[in-house]
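Participant: Offset between the sequence shown (1-based) and my numbering: plus 72.
Please keep in mind that the hints were generated in silico from the structure rather than gathered at the bench.
The structure presented is a predicted model; accordingly, all values stated were derived computationally and were not measured.
Where a beta carbon is used, it is the ideal one built from N, C-alpha and C, also for glycine.
Be aware that one or more of the hints could be misleading.
Below 27 Å or equal to it, Euclidean Cα-Cα: the simulated DSS-like pairs (lysine-lysine) are [claimed, not checked]: (1) 243 / 129; (2) 86 / 167; (3) 167 / 118; (4) 118 / 179; (5) 167 / 129; (6) 109 / 243; (7) 79 / 109.
Pair by pair, the computed Cβ-Cβ distance ranges are [what the hints assert, rightly or not]: (8) 243 / 95: 39 to 49 Å; (9) 224 / 164: 18 to 28 Å; (10) 250 / 215: 36 to 46 Å; (11) 215 / 162: 20 to 30 Å.
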Amino acid sequence: MLTVGDKFPEFNLKATVSIESVEKAFMNIDNNTYAGKWLLVFFYPKDFTFVCPTEIKGFGDLNSQFADRDTQVLAASTDSEFVHLAWRRDHRDLKDLPFPMLADTAKRLTTALGILDEEEGVAKRATFLVDPNGVIQFAYVTAGSVGRNPQEVLRVLDALQTDELCPCNWKKGDDVLKVA
73 MLTVGDKFPE FNLKATVSIE SVEKAFMNID NNTYAGKWLL VFFYPKDFTF
123 VCPTEIKGFG DLNSQFADRD TQVLAASTDS EFVHLAWRRD HRDLKDLPFP
173 MLADTAKRLT TALGILDEEE GVAKRATFLV DPNGVIQFAY VTAGSVGRNP
223 QEVLRVLDAL QTDELCPCNW KKGDDVLKVA
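Take the sequences, apply the hints, and build the full model.
Facilitator: Pasting the structure below:
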């Protein structure tokens with residue numbers, strides 16, 4: 073699995089960005105779409121499941137806070153853009169999702185990142201914070217049965233953006249560590 077300090081792989085994927093109409097629902101997103109921004113890319117195993125929508129909604133609820141930190145949120149799975157669209161239309165918590173859902177149907181990005189569950193053929197529950205230079209600064213994976221804490225990802229982003237030493241449980245506004 074790629075980790076902190078590794079370059080995030082090149083990608084060009086279809087994404088579901090709207091449920092308004094099929095004509096407006098999709099767009100291609102690649103490494104340059106959000107050039108100069110931080111990226112929060114979180115992968116989940118499958119659409120139409122139980123844990124996944126709770127996380128997606130959780131990240132959606134914090135989207136404006138990520139945007140305030142010049143960070144673009146991207147959800148991703150190995151499902152197609154059409155399955156994403158159907159799920160968003162079907163699930164009340166996903167109808168107003170404020171960020172794109174990437175469709176890694178060829179499994180190239182999940183494979184390049186090392187997060188493809190070979191047995192199931194789906195993405196592992198993985199999270200990456202990528203700096204504006206395309207370098208991974210945070211990576212974490214949980215078991216498929218365990219949902220993530222989007223607030224913790226936001227806390228880590230805040231710490232990374234200080235470019236300082238941040239102690240355990242540091243929160244935005246707290247003192248950072250100073251080397252004597």
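Participant: Determine which of the earlier numbered hints do not hold for this structure and return their numbers in increasing order.
Facilitator: The structure conflicts with no hint, since it agrees with every one listed earlier.
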